[in-house]
Structures are given as structure tokens and as C-alpha cells.
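Those protein sequences? They're chains P and W, same order as listed.
Using the UniProt record's numbering, the letters of the first sequence correspond one by one to residues 1 to 802.
Using the UniProt record's numbering, the letters of the second sequence correspond one by one to residues 1 to 802.
Keep in mind the hints are simulated off the structure, nothing from the lab.
The list treats identical chains as one, so a pair stands whether inside a single copy or across any two.
Here are the simulated lysine-lysine pairs, DSS-like style, with alpha carbons at most 27 Å apart:
#1 441 x 412
#2 502 x 473
#3 473 x 419
#4 520 x 441
#5 203 x 336
#6 412 x 520
#7 441 x 639
#8 336 x 250
#9 473 x 463
#10 639 x 278
#11 419 x 639
#12 473 x 460
#13 639 x 265
#14 239 x 250
#15 239 x 203
#16 265 x 278
Model, not experiment: these values are computed from the prediction.
Protein chains: 2
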Amino acid sequence: MPPVGALLWRALRVHQVYGANTDVGKTILTTILCNSASKIWKDEQVSYLKPVSTGPQDEADDRHLEYYAPNTNIETLFQWDIPTSPHAAAEVSSKPIPTDHELLAKIHHHISQRAHQGSGWLFLETAGGVHSPGPSRTTQVDLYAPLRMPVILIGDSKLGGISQTVSAFESLRLRGYDVESVLLFREPVHENYRYLADYFGDKYGISVETVGAPPTRHENPRIDRESMAEYYNESSEEKAVHDVLLQLDKRHQSRIARLEEMPAKAYQSIWYPFTQQKHLTPERITAIDSAYGDHFQTLQTRPPTSSTSPDINLLRPSFDGSASWWTQGLGHANPKLTLAAAYAAGRYGHVMFAEAIHEPAMAVAENLLQGLQNPRLSRVFFSDNGSTGCEVAVKMALRAARVRYGWDQDTKLGILGLKGSYHGDTIGAMDCAEPCTFNEKVEWYEGKGFWFDYPTVQCKEGKWVVDVPDSLKSDIGNGEEFASVADVFNVEGRNQAEAARKYEAYIERTLETLQKQGRKFGALMMEPVILGAGGMIFVDPLFQRTFVNVVRRSSYLFATTPISSSPSQADDNTWIGLPVVFDEVFTGLYRLGRYTASSFLGVHPDVSVHAKLLTGGLVPLCTTLASDSVHEAFLSDDKSDALLHGHSYTAHAVGCQVALESLQEMQSMENRGVWDAFKTDGWVSPDSSTPVATPRDANDSIVWSAWSRAFIDTISHHTARVSGVWALGSVLAVTLRSDGATGYKSSAALSLQARLREGYEDGRWNVHSRVLGNVFYIMVGQTTGRTAVRELEGVLTEALSA
Amino acid sequence: MPPVGALLWRALRVHQVYGANTDVGKTILTTILCNSASKIWKDEQVSYLKPVSTGPQDEADDRHLEYYAPNTNIETLFQWDIPTSPHAAAEVSSKPIPTDHELLAKIHHHISQRAHQGSGWLFLETAGGVHSPGPSRTTQVDLYAPLRMPVILIGDSKLGGISQTVSAFESLRLRGYDVESVLLFREPVHENYRYLADYFGDKYGISVETVGAPPTRHENPRIDRESMAEYYNESSEEKAVHDVLLQLDKRHQSRIARLEEMPAKAYQSIWYPFTQQKHLTPERITAIDSAYGDHFQTLQTRPPTSSTSPDINLLRPSFDGSASWWTQGLGHANPKLTLAAAYAAGRYGHVMFAEAIHEPAMAVAENLLQGLQNPRLSRVFFSDNGSTGCEVAVKMALRAARVRYGWDQDTKLGILGLKGSYHGDTIGAMDCAEPCTFNEKVEWYEGKGFWFDYPTVQCKEGKWVVDVPDSLKSDIGNGEEFASVADVFNVEGRNQAEAARKYEAYIERTLETLQKQGRKFGALMMEPVILGAGGMIFVDPLFQRTFVNVVRRSSYLFATTPISSSPSQADDNTWIGLPVVFDEVFTGLYRLGRYTASSFLGVHPDVSVHAKLLTGGLVPLCTTLASDSVHEAFLSDDKSDALLHGHSYTAHAVGCQVALESLQEMQSMENRGVWDAFKTDGWVSPDSSTPVATPRDANDSIVWSAWSRAFIDTISHHTARVSGVWALGSVLAVTLRSDGATGYKSSAALSLQARLREGYEDGRWNVHSRVLGNVFYIMVGQTTGRTAVRELEGVLTEALSA
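Could you put together the complete structure from these sequences and hints?
Below, the structure written as C-alpha cells:
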């Protein structure tokens, strides 16, 4: 079931006719457009498509066209006899109701066939108004959005029609449609067209054209037919109609030209993030026309595969395999998020946040504080992205430590972390990471801290293996093997065993050595469970948990002088040892299947950073949460002791409203059991030591992934190319055997990436992915369905075997 | 002319009735609501308000109400006899057409009177559909938005009515309206209510209620009246109607309760930017209900002023005097920006940007490259805010210098800048600023550079004075005086005079000293014209220009060893000396009246940073533009030589589309001469040496401000409190005589801030402002009208004299 993509051919101009209301003359004006197009482009084929028709067949729109537009190729795809809204007609009929996907696929197939036959025009006529429900009850404006056909909006010329036309336009616009023409009857009483011409011209540069109204119905059918025929004959010659068609044709050409020129223009004028521009070519730059659900609609650059298909669809859907740099959760162009953004923009715009509060910021703060279920956290600070949020976190933590331990301003403080950590690209966030490819050449980078080695987890030949790097084997042994990933996460149970004692001893010994070297630390900072940009490294959760525990009981290793009043372990919410900062920018908010990744470790951080999925994949926003005991360090009578950090758009209303919608939607998905199907695919099984939980408990106890256990098992046996694999939540990461160079500089994953981009099923199933050296990963959205993931698994298995 | 604010009283519940279409039963259902409310709340007053009515008076809606809802207080504000859309009726009538402001003010006055009379309900009935034009041609949904009344949407029960109802809802929603109830007739054939109940319930949690349809019209008027009376009698008892009213009442209470509880909740759970939280109290936190145009709608916390006004309007408009931290340009809740954001969200969501291109990013890049008219700039890099954009800029510049001069990785590079510069709050951006209050206590801050003293400009007692700090007087003299600010900006002319020679010599001498100390620099980085966060410091433009020129001709002072192939001055677009970085985040994109602030200096930087107004004040986005000669330094066969900086939401489509709309709108305003009225208010005058230019040339040659020259002159003579003042573009900055503490820690401006917040005209004219120590500033939007600015001037003059 390949996705249905947008429609764009060079020689076939495809347009969708929407009505501002029912009974505004859609069919009549479409008939005129068909006739006029036939006259102007005499050698080309003009087609009319009615995807869904209701009412008696002999009164149907296609019959009208057959009679009055005889040169037009006419087709209706689905027809119900009852003259009412398609959803109502379908409901009471015995005919099977097509799913949205089936309907779209049939339209796509039909129009593709037309396109193969050569140049021409195709007008797709919708039913009723823009939001009239289709057979499946999805309203048309949502239903047809993936096709992204340019729109001819038939305006309403009746009393009240100005309002109907503008509202219909707005419903189209906020779903990313391009309305290219507004066409309506030249009705002389209300003259709506006069107002609408000014309105659409001034605000949107869209021209409004009019056609004379049809003759009133005559009771004698023969006379009626004759007068209509005459009307059609005259109106198809109207200059306004010709103008509309010529303009549509021009915009069609310029849309294609623009898509085709953009890569070369971008090559000249864009400086890309994380890109060696010397290796860039215009051909490597993907022109994205639009995106819908899990897919980009990208400009097809492959030549036609055979001479029998002279005109290929210029757009093709590509699965967004990096979830657009790990941000996507609720699908591209999700109307709920769009409406949320628009509502906040319309209610507030952006309002300055210092010493002010507005509903969406308050509600997001409340959702996070409740959702994280971390009794330590009580304060929410807003910033713009994960990098700024991590800078805020480290500023918070270092100050808290300095105040507690009485260090003066000149004492140089570092952080404790893990090798391969990455917290963002601003200098302060870079300084939290050990020297690596990402930062080693950045002029002002200066790693400030100490980063531990640690054991990692991968599935290898069906076993979940805890690997210990050679450097640590003498300290903590040779690692362990588990039957399931759930067993790896049984940190309570594993904490009783010998490995935990060894981890403790190793960490404690290292901290003592650092103390003897006179080094000072102000925070423990980690990405819980998975180190993302560092190469999708799955850290043994027992190690991270132990790290936190050892740091928390080791105040004596951090204090310079004995501290007078160290908080007791009994007060759960006061930080001890060092403030513990979790960077959950990537791992949190359901990316790994749970609201918070800290729950995998059974640890409550003192500071927690959240971004990316926070806004479901729409706009940048970040929150840094902190405990009162961290916050207290900034309270004084001196303004300059405050956290003097703030961005102009702090807590911008649009971002907060979108975040609120995203968080609530993901929580609702969990509660509705949307992910239960994934959990049954091998993740919750008798051989796991984790009990099967009810959906509501899932967040705290189940380990699951959108990727099936059987698939993980299969590719983990592909030892010729794969050295290990893991899947958690929506993330799959495959470590490929390297080709010499290691890590980020390796190109081992590039051929796999290229193969998936080329695609399967004649390219219809293809994947746009990003790689991290020899690590290949795919991240689906939180809304990606089971069928799609299983198909992706098939595609990946095939690509790995190639 | 105080602004018209939103309507919210504790005891009077105020609702607006919108129709999904004309002829959907708005008046009938409003009549039922009135009758039902009168029955349930027997002791309270129920009111009906028709702001605009068309058609013969004896058929008007208010007559209908008078007959069928006799217990209701009824009022119509504007009436035209012709039964058509208000804009059309008004156009052909001889009655004066009220402006939107007049209409809103009249509504506000009328409802305020009602509120003073005690508890009750008021239903305001609109005309036609949501987008039906009002008398001034503004459609109602925009016209009434500032009132922010909760909405009862009357659904359309006819064929096609599902679409009409949903589209009307979306038009309301994207203007920030809260639709609290959908009400429609229980029509038995199409049963739209069934579908709509599911739709609004599932997607928005809004309940849809139905009322039986009215009897069909009887030809005998007496019988007709009787059957209608009976219908009203029965329907006002319908449970559904009671449920609607009870729910509206509940939501009314909870809206107020939420607004009132938010400050205390925020006080507990929000960590504010740039705020000493110890000094915060719940009372100091402003609850912002919404914002419109130049105004916040904030919760009124003052007690009622007298016992005769028991119920005050809980909301009051406050002028957003900091332009929401310098971001606002096109007004809060600008529908054009909302639609732009929604369109991009609907077309793309966010799409990953590495090696990809989409239309809004391409178009923004093109607009900036053309608009800046800087032949050096050829590359656009996207990030999320001014701070990240400045980090990108400094990374670019330092690398370029290092590669050119052959310094190794260990060579410590600083920047050259000005004292009081500020480039953002991330560590790397902080490191670009000299030690100051903002950064001195930040643990990882380490100022990396050398910052020059410089002469500053202010208007004092009517003269534009170039002040030289004492430390520089022996070097560059005692400063100068000019008759107009335009003369200060005559940098070409002034460059011929002695002052310029002295500036050169001082800068050159200082650079030589730094070279002898062995210090290495990789960039010259400045905010052109105005240093913002540093205290709204107006730097002598001749000094900044000279600084750039000296640096550019002084390669020999920066190179460690003689450089083999120094680019010649002849190649305009290659950086020489050091890459020159202009941080125009605050000063650019029309904030000072021109597309680029660099035009004031007649200098083309090699790197230029733009944010804030870039998106007109809606969502965060930043662009860093660079020259090819800077870009080249990153080209190599090693991926790790690339600029490894990138945020997940890089070039997010929503931000880019909003930026494009904002830039085009501001360019169009300039071309349309929207700001010409400001330019005549003393800025372009015979005594200025600057010639009067045509609007199209204005960007390059005219110095102007929204603040009138007469006003600046007046307050510059207020020497008891004011030590100096300046105005440029939309910014006004007043330096107040200090009360002891200086700079950021001074509280000299606090009393002025408090006075303006309290307001004038019984608080209706009040200003929300931010201060920078002893500097008081107000920044209007680019769309703020001349009348409003002149009124602000009056308010400020009064406040300064108090």
C-alpha cells in the first residue's frame, strides 16, 4: 500500500473545483471551463472527474457534462443514489464505503492514466462545500489535501455569499491549498463579485472572475436544454473564462519552473546546517513541494523509465525517515496543530513574557509538571530550542552548585557526563560535550567537564547484549546478555546483582581520582537511555541509574570544604551531590514510548529539558524544568543574581498552544490505546519478565516499539552487514559494519540510504533518511500506523539484503 | 481616542451570536436564548444588542425581539433601510458611515452602561455570516475581534450546512475567538446536527445543541404571530437551551476564575527570563487575556473607583510599549500573519532543511539578499533567534579569519567590539560582550575580545550632541553639536572633517597597542547605530563607520606573519582586515525606519544577523547572512570543516512564511508611503541638510521617526529629569537623570514606568513598558498610527511633568 502522493504533471494541468457552498454553480462553471479549454487547446484532451457523486444517476453531474460538454472525457468514481451528503448516502447504502486511502488511490490511478495519454486539462469536481463530508465522514478539504491540486474556488453569488466565499477560502488556505482563481456568477443584485474582487485582490493577489448567470429553468425540457446549450456556447467564449484558463496555465508552468529552479538557487544562496557545502551539488538538494502525514512531496528528478510514459508525475511522496530531524510526532500538516497555531496567533500574536502570564504558557507548564510525575520539578523556564534549553539547564545547575558549595566566581566548574553526549550547537551547549567531530574545529569550543565510558546495549543475533568497552572490562567485566529488552530495563532487579556493584565502584573510583586532581563539577548531565547525535547510542540504563545514585550520595567528593548543612536524603526534592540534569530533548515526550525517558531509569532529575516532540513537529519551543532547590540559588536582593537569560519570543503563544495540543493529543493516544497494537508485536510477551500492563500503566512499565520484535530479531541476525540493532518507541537504529572510517565520518550507511531513497515498487515506496556515520536510523512519527511500519520493515529488510 | 478593549464583567455575561450563514435562524435562536435566560435568572436583566441592522425598520430584528421577547432590553446602534449587506447599504445611504473604531467604541459604551446596571446577560447579534462585511467593509470577524466576546455559533441546518458551519468556525478560531456553543435547528432530513455534534465534540470538546425548527410561516399574520409565540414559549423551556445557558454561565465564571488564579499559579511554577524572582509577587504578574493591534488585554487588578460602579470591566487594553521585547511590527493578532502561519503549517508542517529547499525559505532568502542591497552578502543561514544567529555569525567570522591568517586551532581569537554591546544570552553570544551586569555572574561566561569606548549621540535642549566620554577626550576632543539628527547621519560630509581623522587615529593607535600585546582577533562585531540591551545607546555613526574602515585597511595589524595574497580593496566583496559582523537583530528591518541599519553608516558588513521584526512579531526565526569569501573558509573535503551548526527546526516553514509576509508587508508600506505622515512631522525639514526624498528613496537617505521632532525637542528641554533623548524609526529612548545607582541597576525609570502603567483618562490610556535602568524607552509597532503616537507623546509629556 504505497502512499498516495500529490498530483503534478508537466503536460496535464490538474485542478480541483471547490464550492463556497452547495448550489453555487460548481457543475455549470466546471462545464464552461471544460468547453472553453477544449476550444482554446484544440489538440488536447479535456477531462472531468467526479470522485464522489450522490443522487439519481440520470440527474448526476456527469450526465450534465456528457450532454453539454461533449468533447470532454468524463468519469465518476463512486456513486450513491440518495441525493444527500456522501457520508449520509454511503451510510445507508449497501455498497462498501471506500476508505480515504482507497478513494485517493483510485483518483491518483485515474488521473495518472490520463496523464499518460498526453497533454490536457483535468478538472476534479468536489461535492457540496469545502467541508462537506466525504464517504468516510472526513470532510473534503482534509480528505483531498494529500493530492495538493491547485484550486478553483467557485464563489457564492447569493445574499451572504461574501462570507461563505471568504470562510471557504480560509478553510482551504489553512490546509495549504493554493487557491489560484475565484470564479462566480455575475449576479446583479448583491454584486458579491465586486467586494470579493477587492478582497482577494488586495489581501492575496488572487483574481476574481465572473460569468453571466445561467438562464432560469424552463418547464419545457426541450426549450430548457436549448437555452442551456446556448448559454454554454456563449459563456465558453467569455473573455473572463479564457483569462482564468490562461492564468491557470501560466501558474501551472511557473509552479513547475520554480520547483525546478529552486535546487540551483538554493545551491547558490543557502548555507545549510551540518553540511559540507563543497560536496553539495544542486542535484543533491531536494525540492520539497509540500508534506503530508509521514511523507514529503518532493520533486521527482529521475528521468522517465520508458518511452511509453512520456509524462511522469513530477512529485513523489518520500517517507520522512528522520522525522524531520527527530521533530515529527503528529504528522506533517496536521490540521489540529495548524488550528492551534492559528488560534494562538489570532488571540495573542506574541506577547512579552517577563512578569506576565497567558493561558497557553500556563497550561503547557501545568501539563509538563503533571505529566513528568517528578516530585522534584516545580519550575518551568521557556526558551527556543534544545540547545538554548540545555544552556539554561547548565546555567541553573552550575549556579546551584556554586552557591551550595561556596565556590567563588573564579572557580572553574565542569560537568560530569558520558562520552558521546551531545546537547546542541550553541557554544555553551557544545561545551557540555567532550571533544568530538561536531565541535573540535569550532573556534570557541572548550569542553568543560569529564565524560565517562560506559556499557552499551544492542540486539545481536536475537540477544540483547550489554557490551562493555575494552577500557572498562577490567573494572566492570565483560557484560551481560538478556533475552528481551524489557529485561535490560529491569533496573530494580538488576540493581541487586553484581554488575551494579561493579558500576558503583568504577564510578566512585573515577570521581575520587577527579577530586584528587582538584577538578570541580557543578552538574551531572545526561541524555537518558539514548545518546542521539552522538550516534544513537543505547546506554545501559543500569549504568545511568547507578551514575545518578553515586553522584547523589557523594557530596563529600564535590565539596571543597566540609559543608555545614548538607540536605539529608530524606528530603526527596532537594538536590544532593550535584544537580542532575536530564536532556530529554530527543528521548522524552513519547519518542521512546513514554512521556519521560527518566522513567526507564527510575530516576528523578533535578533539571529536565524538553523540546522537539514538545510541539509535535511544527515550530521551535523548549522548556527547562527545575526543582525549587535549584531555583533558590538565584533568589537574592541583587537583580544581577537572577537567571539573566531570556529570548525575545520566550513562551511565544503559538508555540505554547501547539505544544499543549501536541501533549494532550499524545496523552490521549496513549489513553485510547492507539499504540496497543505495537505493544502486541512481540514486545509484551510471555518470555519477558515485564508483566503485561493495562494501557494506562504502560507509560511506567512497558518497554515497546513501533518496530516489531520479529523484525529486530531478523536484522540482528544479518551479521554480514549489521553489528547490532535496537528499537524503542518510534526509533530504530542499526549499526552497520564499518568500512574503515568509524563514527560520524564513516560512510557505511550511505549506500543503504541511497538504496532507500531510490525506493521500491517503481520508486513509490521510498524513504528519505539521514545517517550518523555507520549508524542508520529511521524514526517514524507517533501517528504512523502499524501497516506503514510493517511495510517499512519489509523495505528495509530488502534493502539490507541487496 | 483611547483604544477599545475587550469586554468582560463579572456579573454581566456578554456573548456574541454569529451565524454560519445568513438565514440560519440567528434572530430566532437569540430570541429563544433571551427568553430562556429571563426565565432562569428572574432577577437579572437580559439585553439584546444589534450593532448594525439593515432593512426596513418595521421588519428589523429588534422589532421581532420587542414582540417575542418582551422582557428583554433591546437596542440597535446603527440602522440602514436597504435590505442588503451593511457595507452596501451604508455605501448608498446619506448617513455617515461609522469607522470601525467608532462602531466598537459605541458598542463598548453601550455594554459598559448595561454592566453598571447590574447582573444579567447580553447577546450581541451580528449580521449575516461571520465574514459578512460591516459598514466600513471590514468583515465582522475582523471588525469585532478586539471585543473578544465569547461566541455562540448558530449552525446551518440546511443541505450543505455542515461545510458552512465548520468553515465559519475556523474563520472565528483563527482570529482567536472562543466558540463556546454551537446551536442549530433540529432539522430532520439532513440531520446536520448529528454530524456536527461528533465533529465539534471530538475535535474541540464543544457541545452542539439543537432546538426544534420554527413553524412554517402562516399567511394570516395573526395566526402566524400566535404560532410563533407558542413556539417561543415552548422552545424557551427546552432543556437544550437551558443547558446552553448554564454551560455559558459556567464557562464565564471559569474564564474569570482562571484569569484570576493564573498570576498566583505562575508565581509558583514559572521561572521568568531576566527576572529576580525574589522580588516577584503574584500582584506583579500581569495576566494577559489576549492582545490586539498595539494592545495587550490584561486583567484589571485595580479595585472599583467608586461605589456607583460596582462592576468594573475586568479587562483593560494596555499599550505594548516594549513592542513585546522589541519584536512587534505588524500588530498583535494580525490576520495576514495568522493566515501565513496557518498556510505553511497546512502545506508543510515543518520539514527537515539539510540539503532540502522549500518555497518559503527560498523566498525569504531572496527577499533578504535583495532587500539588504549589500553586494557582499550571498549566503543565508537559518537559526531560531538572535542569540543563536549571532553565535553562527561569530563562528563564521572566526573561522574565516583563522583560515586566512593561518592560525592554528589553539590560537585564542577574540572579537573587536564596542562597550555595552549585547548579542544574546547563550554563552557564545555572551562571550561577544564585555563583562557587564548581564553576564558577570554566569558561570561559563568569558568575554573574548576587546571593546572600544566611543562617542554617543543624544538630543539635549534641542541640539543633537555628540558626547565624548572623559576617557577619550584627550584623543578625540570634546564632541560636536548638530541642529538635526539628519546632520549627525551625514557621514559622508562629516568624514571630510577633523573629527573623522581623530577617530581614525584613536582606533588605529588602540589596534596597534593590542597587536603589541599579542592579542588576536577574528571579527569586528557591532550593532549598527543603536546598542539595544546595553541601554539604548546611540553610537556616533561616524565612529562606527570609521571603525569598519580602519579595521578593513589594517590587515597588517591582524596577521601574525605577512600574508602572501591579501585580497585587494578592489574586490569589493572579499572581506579584508577582519570579517565585519553587524548584529541587526534589533536595529534592522525597519525598526529604525530602514530595511537595514547598515545604510545609516554607508557600510556593507560581511556578515549580517536579522531576527525580531523578521517575523513581524509572531514566532522565533533568525537569519545570518554571509559573503562568499566567508563561506569559502568552510569548504574542504573534510566534513568536519563544515559549519556544524543546525537546529532541528532550522528554516521551519511557519517562520519562513510569516517572515516573507512580514517583509513584503513592510516593504509595501514603505512603497505605499504609509510612513510619509511621520516624515513630515519635523524630520524632513528645510533646516535639515538632508533633501526631501521620494518615498522610494526614503530607505536610503531619510532619517525619520514615528515620534515627532517637536516632541523630542520638548522633552529634551526637560532638564530636571531628562539628560538626553533620541528617536529613530519606531524607537524612543529617554535617559533619565539617575538616582545614584547607574546603568541597568538604576531604578530611575521605575516611577515613570509605574505612572504610565496606572494610566490616564481613568486608566483607559495606559502603557505597559520595560525599562533598562535609567533609560526609559517606548517602541511602537510599524503599523502604529500617527494619532496613537501623538497621544502617547501627550501621555508621556504629562507623566514626565508629574
